[in-house]
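Chemist: Sequence:
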Amino acid sequence: MSVTAPAIRIEGASLRFDTVTVFDGLDVEIAGGAWTCLLGPSGVGKTSLLRLVAGLDAEGAAAGGRVVADDGAPLAGRIAYMAQRDLLLPWASVLDNVLLGPRLRGDLKGARARDLRERALFLLERVGLAERASAMPAELSGGMRQRTALARTLLEDRPVVLMDEPFAALDALSRYRLQAMAVELLAGRTVLLVTHDPLEALRVADRVEVLHGAPARLARPAIIPSGDAPRATDAPEIARLHRALLERLAGGAAIGGAESAMAATGAPLAREVAE
Numbered sequence: 084m085s086v087t088a089p090a091i092r093i094e095g096a097s098l099r100f101d102t103v104t105v106f107d108g109l110d111v112e113i114a115g116g117a118w119t120c121l122l123g124p125s126g127v128g129k130t131s132l133l134r135l136v137a138g139l140d141a142e143g144a145a146a147g148g149r150v151v152a153d154d155g156a157p158l159a160g161r162i163a164y165m166a167q168r169d170l171l172l173p174w175a176s177v178l179d180n181v182l183l184g185p186r187l188r189g190d191l192k193g194a195r196a197r198d199l200r201e202r203a204l205f206l207l208e209r210v211g212l213a214e215r216a217s218a219m220p221a222e223l224s225g226g227m228r229q230r231t232a233l234a235r236t237l238l239e240d241r242p243v244v245l246m247d248e249p250f251a252a253l254d255a256l257s258r259y260r261l262q263a264m265a266v267e268l269l270a271g272r273t274v275l276l277v278t279h280d281p282l283e284a285l286r287v288a289d290r291v292e293v294l295h296g297a298p299a300r301l302a303r304p305a306i307i308p309s310g311d312a313p314r315a316t317d318a319p320e321i322a323r324l325h326r327a328l329l330e331r332l333a334g335g336a337a338i339g340g341a342e343s344a345m346a347a348t349g350a351p352l353a354r355e356v357a358e
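Per my numbering, the very first residue in the sequence shown carries number 84; after that it's consecutive.
Some hints could be false.
Calculated pairs, SDA-like style, for lysine to any residue (alpha carbon to alpha carbon, straight line, at most 25 angstroms) [said to hold, decoys possible]:
1) Lys-192 x Pro-173
2) Lys-192 x Ser-217
3) Lys-192 x Ile-162
4) Lys-192 x Ala-175
5) Lys-192 x Met-219
6) Lys-192 x Phe-205
7) Lys-192 x Leu-238
8) Lys-192 x Asp-179
9) Lys-192 x Ala-216
10) Lys-192 x Asp-240
11) Lys-192 x Leu-204
12) Lys-192 x Leu-178
13) Lys-192 x Gly-160
14) Lys-192 x Gln-167
15) Lys-192 x Ala-221
16) Lys-192 x Arg-161
17) Lys-192 x Ala-159
18) Lys-192 x Arg-168
19) Lys-192 x Arg-202
20) Lys-192 x Arg-215
21) Lys-192 x Leu-172
22) Lys-192 x Glu-239
23) Lys-192 x Trp-174
24) Lys-192 x Glu-208
Here are the simulated distance ranges between beta carbons [claimed, not checked]:
25) Arg-195 x Gly-147: 34 to 42 angstroms
26) Asp-153 x Asp-317: 32 to 40 angstroms
27) Gly-108 x His-279: 21 to 29 angstroms
28) Glu-142 x Leu-187: 18 to 26 angstroms
29) Thr-316 x Leu-187: 36 to 44 angstroms
Source of the hints: derived by calculation from the structure; they are not laboratory data. Every residue, glycine too, gets a C-beta built ideally from N, C-alpha and C.
Please work from the sequences and hints to get the whole structure.
Modeler: Written out as structure tokens, the structure reads:
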């Protein structure tokens with residue numbers, strides 16, 4: 084990726100469905116060139132925040148707020164979006180699905196088409212699907228389909244990547260492998276990942292945010308796991324933070340209190356960021 088990935092700030096975000104306020108006056112910081120994971124229960128507005136960053140419609144809700152990049156440039160044209168469903172076209176081959184974006188934009192012409200095709204084949208090799216380039220989606224496993232979707236996202240070569248539970252429907256082993264693959268291949272990009280899985284967040288994120296309450300707000304302090312991603316899920320620190328995040332999601336003890344108990348045992352701690 085040749086362009087520096089910007090940090091993003093969501094300012095004064097609001098979302099209302101009729102008389103229900105999902106969140107109001109919400110501010111969120113998304114670090115540049117790093118993974119931010121957003122956790123929270125269903126209905127708390129995680130996907131709506133993702134759509135706000137992407138500039139997409141709020142799907143029947145009244146939404147507001149401002150999304151700005153720290154470099155001052157518009158975000159339009161700098162975002163790739165990877166959804167929970169792979170959204171592969173059933174009548175198109177794996178390679179043609181990866182090339183869908185350029186095809187829709189009319190970019191598959193002349194030398195540009197050759198370059199994009201070579202890049203798509205390279206990415207399919209990186210995700211372990213080089214030999215399935217001509218296969219149809221119906222011939223693929225769930226993990227293969229999501230790897231195809233990841234290659235399609237990477238072909239867009241955007242500095243900002245929004246991911247809405249892209250691994251949620253996979254079996255445990257496929258999910259584990261795809262997490263590691265995504266961390267490697269999206270290095271240096273600004274990634275905002277929505278997930279329901281605290282363990283996934285702790286494995287891949289540089290920063291974990293929890294959205295909770297009604298109206299929703301960000302729990303404080305945010306969690307910054309130590310060490311490089313992808314992290315081993317059986318690491319003692321990850322296991323402790325996993326329990327603490329589950330308590331926070333369930334409305335139990337705050338992370339700070341849980342980690343104070345850990346400190347009393349001499350256990351290593353993740354860094355916390357209070358804002």
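Chemist: Determine for every hint whether it applies to the structure shown.
Modeler: Verification of the hints:
no.	hint	verdict
1	Lys-192 x Pro-173	holds, 24 angstroms
2	Lys-192 x Ser-217	holds, 20 angstroms
3	Lys-192 x Ile-162	holds, 23 angstroms
4	Lys-192 x Ala-175	holds, 19 angstroms
5	Lys-192 x Met-219	holds, 23 angstroms
6	Lys-192 x Phe-205	holds, 19 angstroms
7	Lys-192 x Leu-238	holds, 16 angstroms
8	Lys-192 x Asp-179	holds, 14 angstroms
9	Lys-192 x Ala-216	holds, 20 angstroms
10	Lys-192 x Asp-240	holds, 18 angstroms
11	Lys-192 x Leu-204	holds, 17 angstroms
12	Lys-192 x Leu-178	holds, 16 angstroms
13	Lys-192 x Gly-160	holds, 20 angstroms
14	Lys-192 x Gln-167	violated, 31 angstroms
15	Lys-192 x Ala-221	violated, 28 angstroms
16	Lys-192 x Arg-161	holds, 22 angstroms
17	Lys-192 x Ala-159	holds, 24 angstroms
18	Lys-192 x Arg-168	violated, 29 angstroms
19	Lys-192 x Arg-202	holds, 14 angstroms
20	Lys-192 x Arg-215	holds, 24 angstroms
21	Lys-192 x Leu-172	holds, 21 angstroms
22	Lys-192 x Glu-239	holds, 16 angstroms
23	Lys-192 x Trp-174	holds, 21 angstroms
24	Lys-192 x Glu-208	holds, 23 angstroms
25	Arg-195 x Gly-147: 34 to 42 angstroms	holds, 39 angstroms
26	Asp-153 x Asp-317: 32 to 40 angstroms	holds, 36 angstroms
27	Gly-108 x His-279: 21 to 29 angstroms	holds, 25 angstroms
28	Glu-142 x Leu-187: 18 to 26 angstroms	holds, 22 angstroms
29	Thr-316 x Leu-187: 36 to 44 angstroms	holds, 38 angstroms
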